[in-house]
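Okay, here's what each chain looks like letter by letter:
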Amino acid sequence: MKMSATYFFNRWIAFVLLPITLVSLPAPLQAQGAATSPAQEQPTAASPPSGDYVSRAEYDKLKAEHEAMKTRMEALEKMVQQMANGTAPAAPPEAPPPTEAEAPAEAKQAPAEAKQVVSTTSTTAAAPSTETTAADLSGPLATHDFDIVGDAEVQFGKISHQHGAFMLADFAPIFLFRGGDKILFEAGFDFILQNNAPGSSGSTTTVNLSFATLDYIINDYVTFLGGNLLLPLGTYSERSAGWLNKFPDAPLPRAVLPGNGVGVELRGAIPIGDRGPSVTYSAFAVNGVSSVDGAGNADQLDLGGNVGLTSDGRFANLHGGAGWGGRIATFLLWKPLYDLEIGVSGMSGPWDNAGRRQYSALVADWALHVGPYVEVKGEYMNTWVGTDNAGTIDPDGWWIQAGYKLAGLKLNVPYLDKLELVGRYDTVDDGLGSRTNRGTVGAVYYITNTLWLEGDYEWANNHGPNPAAPDDALLFQISYGF
Amino acid sequence: MMHFSFKFPMDSNHIAMHTPKQTSAFVRVLIQLLAVTTVSATAIIISLPATAQTPAPASKTKTETTATTAKAEPLSGAELWTMNCSRCHMARNPGEFTAAQWRTIIRHMRVRANLPAYQVKELQKYLEGGAGK
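Those protein sequences? They're chains C and D, same order as listed.
Under our numbering, the first residue of the first sequence carries the number 1, and numbering increases by one thereafter.
Under our numbering, the first residue of the second sequence carries the number 1, and numbering increases by one thereafter.
The hints are simulated quantities; they were obtained by calculation from the structure and are not laboratory data.
Heads up, a few of these hints could be off.
[What the hints assert, rightly or not] Straight-line distance between alpha carbons at most 25 Å, and here's what the computed SDA-like set of lysine to any residue pairs gives:
#1 D/K133 with C/D145
#2 D/K133 with C/I174
#3 D/K133 with C/N449
#4 C/K418 with C/T450
#5 C/K410 with D/R87
#6 D/K133 with C/K418
#7 D/K133 with C/K335
#8 C/K335 with D/Y118
#9 C/K78 with D/Y118
#10 C/K418 with D/G95
#11 C/K410 with D/R92
#12 D/K133 with D/T98
#13 D/K133 with C/K410
#14 C/K335 with C/Y404
#15 C/K182 with D/E73
#16 C/K410 with C/N462
#17 C/K335 with D/M109
#18 D/K133 with C/A169
#19 C/K418 with D/R87
#20 D/K133 with C/Y404
#21 D/K133 with C/A142
#22 D/K133 with C/G180
#23 C/K335 with D/R112
[Unchecked claim] Reference excerpt, derived from the structure (chain D facing chain C, CB under 8 Å, subset only):
#24 P74
#25 L75
#26 T82
#27 M83
#28 A91
#29 Q101
#30 R103
#31 H108
#32 N114
[To be verified] Interface residues of chain D toward chain C, partial, derived using beta-carbon atoms under 8 Å:
#33 E79
#34 C88
#35 H89
#36 R92
#37 A99
#38 I105
#39 R107
#40 M109
Just so it is clear, the structure is predicted and the values come from calculations on it, not from any experiment.
Glycine is no exception: its CB is placed at the ideal position from the N, C-alpha and C atoms.
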């Protein structure tokens, strides 16, 4: 009986358990095989993910995350070692910068990869402040820093009925000083060379203080600025540097608006969600526009002369009331590089010495980007100027410009891919019976991302006694941003 | 940059047709209304506490949530770099400046371009991560 029981037990094992074991064995082997030799398991990669097994896509994702964590861990270990030794640590290896030539094209691919790095960073290191972000990665940075950025231009022009000439050599540095967590001082200059007055020899270098402000970040939503402000009437005055503007000259109707003002400003942005859209605002009070001779006659309007000091050093606000205004705008975004910005801005204040005549301006601005290759933007402005001798005049104008980067055609022709075709139409009415309409067509050739060649042909159509633009012109400009 | 300017001539005969005082008054009121609204909004906002300069520690729970729902993820530093810089100029390569320089330049751009604080923080991480030495 003993033999018989053992015999039946062994047969039960052989006939029942063994087949079950064999049937269930391939599954763990398959999973193990995927983990040990993924390159040899191509069919598995195409299989849909199930609740029990790791798909190829999931495996690759895990592997990538593992590699990123491993790399980061090594970098952190290295940094800790360097900090222990008291030496300056190296910058982290992640987020490798694209090369200059690749930057525009690579920009579309970069986000996904970098997103992973950034999210990994946020889970492992909680940043106590924005100022310590880099400290977490690469050691403490100096709390104060001084830098110079800016732009430089050389221009050649051929005006109709005149000799062609190199007509502009402009050097426009911006000095930036960052002090601690909240302060930035910024000052922009324009160094321009020009002939002396007719009849006298030589040339003169003029230096203009384009802007100079002390910026104090009050909180996430408000920054205070004080000094010589670029007035946020539309967007052009703040985005007109030579390597930002795709044309060698400014839109004509900007001449009806003041570009600067000495005073104070509050500005900031309020995000709408965390996917990019925001509402931005600016509110300012400045000395405002003034009169050349103090009177309120129409030809004496001075858009940029009331800076608070006269040439003999005396304090002088040329009229009693401040000019004040602001801009409110919204930035809408469908996805990165597909966005629309719309803004409305205005300004009002007295302009004659007696303070009886008012200058007011209203500006609408917009900018549309459709992918990395198409940009359309423009401004409409209307002003109302009360005068002693002419009632209320209303100089106005508008401009619109468009650009298309030929890289969007995917021709893969080296020189064409760096070319952007541009066009602009601008018109201005001085409110006194003179109107100028101007069309411009041209191209921008991007040698690098900050060095451009611009070539434009402009034709002007003037009406009235005081044209705002010269005759037709051919302009070339080299622009460099640094 | 080329600067254009023009003067208004004393041509009262012509100007007589351009005296829309009522329009001017309306626009002045409109501008003042805009300014008052902006200043009021500013006053409210100014009283809000700062978080960009001293943000709360990153929430692990939030990070896990964003990792699993890709649709709701905030824009990354690279996306913000692509999106914001190219609005006005070609994007600068992160390696063109050091981390300290980027920190200064980003603050300049925060003010100039009115960038939201949280975007500035992400941009700073991204650009300093790839900064030159």
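25 Å Cα cutoff - pair D/K133, C/A142: 14 Å, holds
Agreement of hint D/E79 with chain C interface, Cβ distance less than 8 Å: Given a least distance of 4 Å, the restraint on D/E79 holds.
Residue hint D/A99, partner chain C, criterion CB-CB below 8 Å: Holds. Min distance 5 Å.
Given pair status - C/N462, C/K410, alpha carbons within 25 Å: Violated, at roughly 40 Å.
Supplied contact hint for D/R107, tested at 8 Å Cβ to chain C: Interface hint status for D/R107: holds (5 Å vs cutoff 8 Å).
Residue hint D/M109, partner chain C, criterion CB-CB below 8 Å: The hint is violated - D/M109 has no Cβ within 8 Å of chain C, the shortest such distance being about 10 Å.
Agreement of C/K182 and D/E73 with the hint, judged by alpha carbon distance not exceeding 25 Å: 28 Å, violated
Interface restraint verdict for D/R103 against chain C (beta-carbon cut-off 8 Å): 7 Å, holds
Restraint check for D/K133 with C/G180, where alpha carbons must lie at most 25 Å apart: Distance ~21 Å between D/K133 and C/G180 Cα, so the pair holds.
Interface hint compliance - D/R92 to chain C, C-beta minimum distance less than 8 Å: Holds, about 7 Å.
Cut-off 8 Å, beta-carbon criterion: hint that D/C88 touches chain C: At 5 Å from the nearest chain C Cβ, D/C88 passes the 8 Å test, so the hint holds.
Hint check, D/M83 versus chain C [nearest Cβ-Cβ separation less than 8 Å]: 4 Å, holds
Checked against the numbered hints above, the structure breaks hints 6, 7, 9, 13, 15, 16, 18, 20, 40 and satisfies the rest.
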